[in-house]
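Once you've looked at the hints, dock chain B against the given chain A.
Chains as they are written, first to last, in UniProt numbering: chain A, 1 to 179; chain B, 1 to 179.
Mixed in with the good hints there might be a few duds.
Same chains, same label: a pair holds when it works inside one copy or across any pair of copies.
[Claimed, not checked] No farther apart than 27 Å at their CA atoms in a straight line, the calculated lysine-lysine pairs in the DSSO-like style are these:
| # | residue 1 | residue 2 |
| --- | --- | --- |
| 1 | K82 | K178 |
| 2 | K160 | K178 |
| 3 | K12 | K82 |
| 4 | K78 | K106 |
| 5 | K160 | K78 |
| 6 | K78 | K56 |
| 7 | K160 | K5 |
| 8 | K12 | K33 |
| 9 | K56 | K12 |
| 10 | K33 | K78 |
| 11 | K82 | K160 |
| 12 | K5 | K106 |
| 13 | K5 | K18 |
| 14 | K56 | K33 |
| 15 | K18 | K33 |
| 16 | K178 | K33 |
| 17 | K56 | K18 |
| 18 | K5 | K33 |
| 19 | K18 | K160 |
| 20 | K178 | K12 |
| 21 | K18 | K82 |
| 22 | K106 | K12 |
Derived by calculation from the structure, the hints in this document are not laboratory data.
Here's the letter readout for the chains.
Number of protein chains: 2
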Amino acid sequence: MKDLKETTISSKRVYEGKILNLRVDRVLLPNGKESGREVVEFSEAVAIVPIAEDGKVLLVTQYRYPVGDVLLEAPAGKMDPKEDPETCARRELQEETGYTAGSLEKICEFYTTPGFTNELMHVFLAQELTPGEQNPDEDEFVQVEAVSLQDAIAMIYNGKIRDGKTIAGLLAAYNMLKE
Amino acid sequence: MKDLKETTISSKRVYEGKILNLRVDRVLLPNGKESGREVVEFSEAVAIVPIAEDGKVLLVTQYRYPVGDVLLEAPAGKMDPKEDPETCARRELQEETGYTAGSLEKICEFYTTPGFTNELMHVFLAQELTPGEQNPDEDEFVQVEAVSLQDAIAMIYNGKIRDGKTIAGLLAAYNMLKE
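Extracted from the complex, chain A is given alone in its bound form:
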């Protein structure tokens, strides 16, 4: 493979915020030319596909300000500093749905949109669920919905589920459980 690497010439952080930072870099391209690169620095995150004993998957509805709509999503959240993905997955599942998982299995991981951010998403399958109290973050308002896995898959194709990590996670879990 030809070397595709881009080398940093200079780097400037133009914004430092609450959940993200923005960096604007100059890079040297493989052809020797220069270009600019805008990078949103974001923490790693987890998403959980929680499947209950009755085969229903627990999803959450949440208002997403950047897109101006309520989305139906897999429970998810950012990793705290030094937190490992599995600990974060257990914490977010409990906070957003109230459930704790007897079985937690990593399915896959991916960059959510590697063209402009380093956000890395770890996806887990949670089973053997025990109900409990929801405990969301102070500025987070989520409602739990239980949907059959088959129905959730159909909602990907009919446009009722429109969140990337949820689509990837549901299909990856569905495909894995069918094998």
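Coordinates of chain B only, in the frame set by chain A:
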């Protein structure tokens, strides 16, 4: 359903760039409190799952500066102003792989990471492919790889494919073609 909407109190664009803008808003939460919201404004985009006559899916390797690695991805790209998703999908497929599609079918659409950006990804299945010349953007260096769909699905679970739109698109196409 309880009203989950967050209302904009004030909005400030802190950065205007080449591929993205950054906005920092104050919002009124459903509980009457205020909070801040950081929003990366990005264009809509498309990803294509191109499946050749021999059943192989055409993927592209590309250095992704924000994550510092070469990723194996579905052909994809941003929509030009006023361009519709299908036109963009045909253009990006041709630019990145050289192929044109006799059949192009929308599979699904999703927000890539709705917690901090409005980027909306339209995903297409492309079939009846005819080879031609690659024609990438000036600062874009991509190499085409043909992989059997079955192998591509396995690469989601073994960590060789680590791009969100590619995982969602491959699994959505695979599941649809198997029905």
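Hints violated by the structure (numbers, ascending): 1, 9, 12, 14, 16, 17, 19, 20 and 22
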